[in-house]
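Asks: Using the hints, position chain B against chain A.
There are 2 protein chains.
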Amino acid sequence: MPGFKTLPGFRDLYPDDLAVRAHIMGTWREVARRYGFREYDGPPLEPLGLYTEKSGPEIVQQLYNFTDKGEREVALRPEMTPTLARMVGARANGLRKPIKWFAIPQLFRYERQQRGRLREHFQLNMDIVGEGTVAADAELLAAAIDVLRAFGLTHEDFVARVSDRHFLRAIFVGAGVPAERLTLAYNIVDKLEREGAAAIRKRLVDTVGIETASADRILDALNRTSLKEVEDLVGENEWLHPDFLDLKDLFDRLRAMDLEAYVQIDLSVVRGLAYYTGTVFELFDRRGELRAICGGGRYDDLLSQISGVDLPALGFGMGDVVLTELLKDRGLLPKSGQGIDYYLVAEDYELRHVLLRTVHQLRDAGCSVEYSLGLALRNRQFKEASALGARKVVVVTAEDAARGSVPIPELSS
Amino acid sequence: MPGFKTLPGFRDLYPDDLAVRAHIMGTWREVARRYGFREYDGPPLEPLGLYTEKSGPEIVQQLYNFTDKGEREVALRPEMTPTLARMVGARANGLRKPIKWFAIPQLFRYERQQRGRLREHFQLNMDIVGEGTVAADAELLAAAIDVLRAFGLTHEDFVARVSDRHFLRAIFVGAGVPAERLTLAYNIVDKLEREGAAAIRKRLVDTVGIETASADRILDALNRTSLKEVEDLVGENEWLHPDFLDLKDLFDRLRAMDLEAYVQIDLSVVRGLAYYTGTVFELFDRRGELRAICGGGRYDDLLSQISGVDLPALGFGMGDVVLTELLKDRGLLPKSGQGIDYYLVAEDYELRHVLLRTVHQLRDAGCSVEYSLGLALRNRQFKEASALGARKVVVVTAEDAARGSVPIPELSS
Numbered sequence: 001m002p003g004f005k006t007l008p009g010f011r012d013l014y015p016d017d018l019a020v021r022a023h024i025m026g027t028w029r030e031v032a033r034r035y036g037f038r039e040y041d042g043p044p045l046e047p048l049g050l051y052t053e054k055s056g057p058e059i060v061q062q063l064y065n066f067t068d069k070g071e072r073e074v075a076l077r078p079e080m081t082p083t084l085a086r087m088v089g090a091r092a093n094g095l096r097k098p099i100k101w102f103a104i105p106q107l108f109r110y111e112r113q114q115r116g117r118l119r120e121h122f123q124l125n126m127d128i129v130g131e132g133t134v135a136a137d138a139e140l141l142a143a144a145i146d147v148l149r150a151f152g153l154t155h156e157d158f159v160a161r162v163s164d165r166h167f168l169r170a171i172f173v174g175a176g177v178p179a180e181r182l183t184l185a186y187n188i189v190d191k192l193e194r195e196g197a198a199a200i201r202k203r204l205v206d207t208v209g210i211e212t213a214s215a216d217r218i219l220d221a222l223n224r225t226s227l228k229e230v231e232d233l234v235g236e237n238e239w240l241h242p243d244f245l246d247l248k249d250l251f252d253r254l255r256a257m258d259l260e261a262y263v264q265i266d267l268s269v270v271r272g273l274a275y276y277t278g279t280v281f282e283l284f285d286r287r288g289e290l291r292a293i294c295g296g297g298r299y300d301d302l303l304s305q306i307s308g309v310d311l312p313a314l315g316f317g318m319g320d321v322v323l324t325e326l327l328k329d330r331g332l333l334p335k336s337g338q339g340i341d342y343y344l345v346a347e348d349y350e351l352r353h354v355l356l357r358t359v360h361q362l363r364d365a366g367c368s369v370e371y372s373l374g375l376a377l378r379n380r381q382f383k384e385a386s387a388l389g390a391r392k393v394v395v396v397t398a399e400d401a402a403r404g405s406v407p408i409p410e411l412s413s
Numbered sequence: 001m002p003g004f005k006t007l008p009g010f011r012d013l014y015p016d017d018l019a020v021r022a023h024i025m026g027t028w029r030e031v032a033r034r035y036g037f038r039e040y041d042g043p044p045l046e047p048l049g050l051y052t053e054k055s056g057p058e059i060v061q062q063l064y065n066f067t068d069k070g071e072r073e074v075a076l077r078p079e080m081t082p083t084l085a086r087m088v089g090a091r092a093n094g095l096r097k098p099i100k101w102f103a104i105p106q107l108f109r110y111e112r113q114q115r116g117r118l119r120e121h122f123q124l125n126m127d128i129v130g131e132g133t134v135a136a137d138a139e140l141l142a143a144a145i146d147v148l149r150a151f152g153l154t155h156e157d158f159v160a161r162v163s164d165r166h167f168l169r170a171i172f173v174g175a176g177v178p179a180e181r182l183t184l185a186y187n188i189v190d191k192l193e194r195e196g197a198a199a200i201r202k203r204l205v206d207t208v209g210i211e212t213a214s215a216d217r218i219l220d221a222l223n224r225t226s227l228k229e230v231e232d233l234v235g236e237n238e239w240l241h242p243d244f245l246d247l248k249d250l251f252d253r254l255r256a257m258d259l260e261a262y263v264q265i266d267l268s269v270v271r272g273l274a275y276y277t278g279t280v281f282e283l284f285d286r287r288g289e290l291r292a293i294c295g296g297g298r299y300d301d302l303l304s305q306i307s308g309v310d311l312p313a314l315g316f317g318m319g320d321v322v323l324t325e326l327l328k329d330r331g332l333l334p335k336s337g338q339g340i341d342y343y344l345v346a347e348d349y350e351l352r353h354v355l356l357r358t359v360h361q362l363r364d365a366g367c368s369v370e371y372s373l374g375l376a377l378r379n380r381q382f383k384e385a386s387a388l389g390a391r392k393v394v395v396v397t398a399e400d401a402a403r404g405s406v407p408i409p410e411l412s413s
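Same order as they appear, the protein sequences are chains A and B. So for the first sequence, the numbering used here puts the first residue at 1; every next one is plus one. So for the second sequence, the numbering used here puts the first residue at 1; every next one is plus one.
Just chain A, same shape as in the assembly (with noise of 0.2 angstroms):
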């Protein structure tokens, strides 16, 4: 009874897609090493409540969510925070700060089928949690960074566009936002550069309530992408500067750090997300071309909210669907095809037992061997030695069986 199909939004990854998750998964652990985050790991599957109480109730609609054989209302993860932030509140007095952990889900997500849009995903996921210095926020955004470099992409490639809530929220109680319509404004702004500046404007003035001088003043620090124009803009409004200093010691780590050329100021950078208390930041690809490859911030308040442990954190999540986009545009992905040590060939199907033996011996010395499991004729054994891209070929011998032993040819290096 065949015609089992794949679900819409999932993938099937044959090994040639799966070596691309490899390399991706390869290097995305090889950062992190190089940072000392040490990798955990969580259940795919997760009590509902874990995601309504971060989200409320709405994340429902977007969940692959259902209730188990034990009345259990669950859900697959659609993201990886809430977890973490379940873990270590659980272990929060025995664990050294700061933690400095990383994994890799795969999440779910019931979004509306579009095209190239999927419901899986794998994610790498770098959280800080116990340090509440912007010395975190520079070492975590400096990792983000250097993932991308560790695939060969450059700061002609991407930029991350960073922003500060205090320094945002400043700026936005400056020009008259009062506190409870701050949510608001800055959801309104996290859309300008698909809306434009004249609508955002408009909706400051309209929705938030604000004068029309306030908006341009808002959108004229918006603006400012540079550091330098932000501090002539500190400059001249002093009562700005003791929320500036964090965002300028972050800049400061980060040129320390040789990274300058990977970072801009960008204050539009909300991340709708409500829970972000500190700095934001989002990794895009200089051309415009791409959603976010990357995005992050501080989040001191959620791990009180899920486990009751008032630890501050931050953190990034980078899929691996808009990177492989990426690195496949910019020609960065590995070649495909698999590549053997040897291949042995038995001229003689009586060679067999010769044949076995120096296969067995060459894989215990840690060689990948291959060799014809058939009844191949000599000539198709070469030609599937030469489709396996095996490095070299042996010919097993009935001189080599009388001999006992089989001359193997040293791989080059």
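Because the hints were derived from the structure by calculation, they are not lab data. Please note: incorrect hints may appear among the correct ones.
[Unchecked claim] Derived BS3-like pairs: lysine-lysine, alpha-carbon spacing no greater than 25 angstroms straight-line:
#1 B:K97 with A:K392
#2 A:K54 with B:K5
#3 B:K69 with A:K5
#4 B:K191 with B:K202
#5 A:K97 with B:K335
#6 A:K97 with A:K54
#7 B:K335 with B:K383
#8 B:K5 with A:K69
#9 B:K69 with A:K69
#10 B:K54 with A:K69
Replies: Positioned in the frame of chain A, the structure of chain B alone reads:
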């Protein structure tokens, strides 16, 4: 609102636990590479029908299944073979045969909660598709054995018990079991180890309806665990000879690979599953303290059933849970703990930028490097370096800053 717990039967993997999983998966991948298997993956969520088609509707009781928001009946994958069959079937013509693939899926079953029983685990799946000769059976079984050897286990720790469905059938038919009661008889002898010979004899007589003498002949055959004993049986019953050739060839090949000490014949290995068609095997710890470490065999009919493409196939699954218990018990798990290359100590907070530059240069060179993110005192920084297992501690001084470079000691190799 604290208090979310991990779902029963699911695991949180803290970094030390994940290091164990990484070691296991790394070893699995390493041996698969030596054998020329290529990795693939499929979706963890599949159409429910994929599993009921293979295993019948009763499987649903054990599944995490639900109706998704698009009214599709779906299930978290309980095994990988149906996905493999679907994927191979979809591209059967374009794939070079034999197909040698492996995967490391996370699998899910809603089992009744028992002590130590999990509802998810990771499983190495290795399969060969498109090769009907017993050479493939030897290749696959050798791979399973070598996976365990690669962990440091020896023939004193584990053994592969091997049966062959054709040979078993010949013995049963020869003892008078009617064709339509063969499956019933297989399921009875599958319980031999647990229930003992007397109980099995009684059930063969009472349920299958054969003579006591016939039941004894079956039990005598099941009792022979060395190749020699089975060869004697075949010698005395010439009509068994044709159905014995494959099993004999399999053992000859394993002997050629110097793996004879790892295999024994055990015709009572049935693995309940009706779908095995030839070789069937299970790997057990020699002390008999654990459930099977690994099980597999030849299933030549499944691909046409699932995908409509008629290709011979065989494979095995090896879960991470029993394997981890065994390795732990034998002291073969790697030591936990992090270990980094360098820890950099700043003598003074003012030196942070010099420190950051040096940290970043070392990380760019591939080293794992840590430093204090907070404003820790010198002594505390040294303590942290020690806690992180740093191989070298480097103190950044004012002189380094003045000179503009920090001397870095080589890592002893």
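Asks: Could you work out which earlier hints the structure fails to respect and list their numbers in ascending sequence?
Replies: none
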